[in-house]
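Asker: Here is how the chains run, residue by residue.
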Amino acid sequence: MKIRILPERNELDLPGRQRVADALRQLDMLPGTVMVIRNDELLTDDAWVEENDTIEIRRVMSGG
Amino acid sequence: MKCKRCRAKAEIKLRQHNAAFCRTCFVFFVQRQVERTIRQERMIANSEPVLVAVSGGKDSLALWEILHALGFTTTGLHLALGIGEYSAESTRKTKAFAAQHELPLITADLGEVAEPVPTLARFTNRPPCAACGLAKRHFMDRIANERGFPVLATGHNLDDEAARLLGNVMRWQGDYLAKQSPVLEPNHERFARKVRPLYRLSEYEMAAYAFFRGIDYILDECPNSVGASQLVYKDALNRIESEMPGAKMSFVREFFRSAQPAFAAAERPPDHECDQCGMPCFGSTCAFCRLRREVDAKRPSPPSPPTPH
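Read top to bottom, the protein sequences are chains D and G. Throughout the first sequence, residue numbering follows our numbering, covering 912 to 975 in sequence. Throughout the second sequence, residue numbering follows our numbering, covering 25 to 333 in sequence.
Hints are not guaranteed to be accurate.
Stated by the list, open to error - With a Cα cut of at most 30 Å, we get these calculated DSSO-like pairs of lysine-lysine:
#: 1; chain 1: D; residue 1: Lys-913; chain 2: G; residue 2: Lys-33
#: 2; chain 1: G; residue 1: Lys-119; chain 2: G; residue 2: Lys-160
#: 3; chain 1: G; residue 1: Lys-160; chain 2: G; residue 2: Lys-203
#: 4; chain 1: D; residue 1: Lys-913; chain 2: G; residue 2: Lys-26
#: 5; chain 1: G; residue 1: Lys-160; chain 2: G; residue 2: Lys-322
#: 6; chain 1: G; residue 1: Lys-37; chain 2: D; residue 2: Lys-913
#: 7; chain 1: G; residue 1: Lys-26; chain 2: G; residue 2: Lys-37
Hints listed in this document are in silico derivations from the structure and should not be mistaken for laboratory results.
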């Protein structure tokens, strides 16, 4: 799967079909700190992401 | 995963509420949460016009949209901070939102009414976030007073409140703890009531709300926030929350219920009016006008014109 991370605009690939929770674990991201979006749909952490999917991971933390 | 209300496919899971919602029901849930918070905390009377501080970020734009949807009479207040392209983009997003929703917006350019944040920070050796916070509080108070708004609403969410509380507790800053409240009643006739209607909603919930409602907010972080202590506190709290869902809410709620009143009881109201801007303060000059005076004193004078021979 192709992943685009915002706001950094980083792009990376993860192999195979995976649940959102597993993909986030590999990226060392906590659920609830990012939105995982596929085709204008927000995904819950039990949703499956297919190998050919492209998803956007948008960080929600802001402040300073 | 199914929506708790309508059994449709869920798009968002809220572990702290042990619930999941579809898009439509989640929007209803958030709006109802804000409405309840405003009513239970007596934040805004139905007839009161509200000045909404809007930065161009997800929380403040979503707050403005929700207050408008709930039927309140709102005006946005945006301060252009002068932090390069980040501020320019924030101002563009805010103006576009106001135009799209046909809502009135007051914009004040800090570089025109005072000094931009980088200048305030550079000539006073303060961290940019400290200078920025001081400038924002000053102009929000001042503009609310000048325009006659009885209520000033800001988009602080649960994560903001929890991080601020953790920071204040880490240093046991009693004066800051006294002022940390979802409703700050004015202690001087020139101050508006300050309210934080989003304080029960997490950063994730507000980001999801903005996404579902198609709110075009600034995604980039302020360049000055890199390494900011608030982000360290937020990160620590997120790790606790992931192991103990609901921990942030109980941390903040129990502080407001049981501890904050004790700190607030020791507070005294401002006893002077600033000799520069007239706003209430302690001592003869308010903190922001002292900051500006410091800038003027430390900024190199422009070179004098050459003397004719």
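Asker: Confirm or reject each hint.
Answerer: Each hint tested on the structure:
A hinted pair counts as satisfied when its Cα atoms are at most 30 Å apart, and Lys-913(D) with Lys-33(G) qualifies at roughly 24 Å. Restraint check: the Cα-Cα separation between Lys-119(G) and Lys-160(G) comes to about 18 Å, which is no more than 30 Å; the hinted pair holds. Between Lys-160(G) and Lys-203(G), the direct Cα distance comes to roughly 16 Å. Compliance with the 30 Å bound is thereby established for this hinted pair. Of the supplied pair hints, the one linking Lys-913(D) and Lys-26(G) holds, its CA atoms being roughly 27 Å apart against a limit of 30 Å.
With a CA separation close to 22 Å, the supplied pair Lys-160(G) and Lys-322(G) stays within the 30 Å bound. Of the pairs offered as hints, the one joining Lys-37(G) and Lys-913(D) holds, with about 23 Å between alpha carbons and a cut-off of 30 Å not exceeded. For the proposed pair Lys-26(G) and Lys-37(G), the alpha carbon gap of about 9 Å is at most 30 Å, so the pair holds.
In terms of the numbered hints stated before, the structure departs from none.
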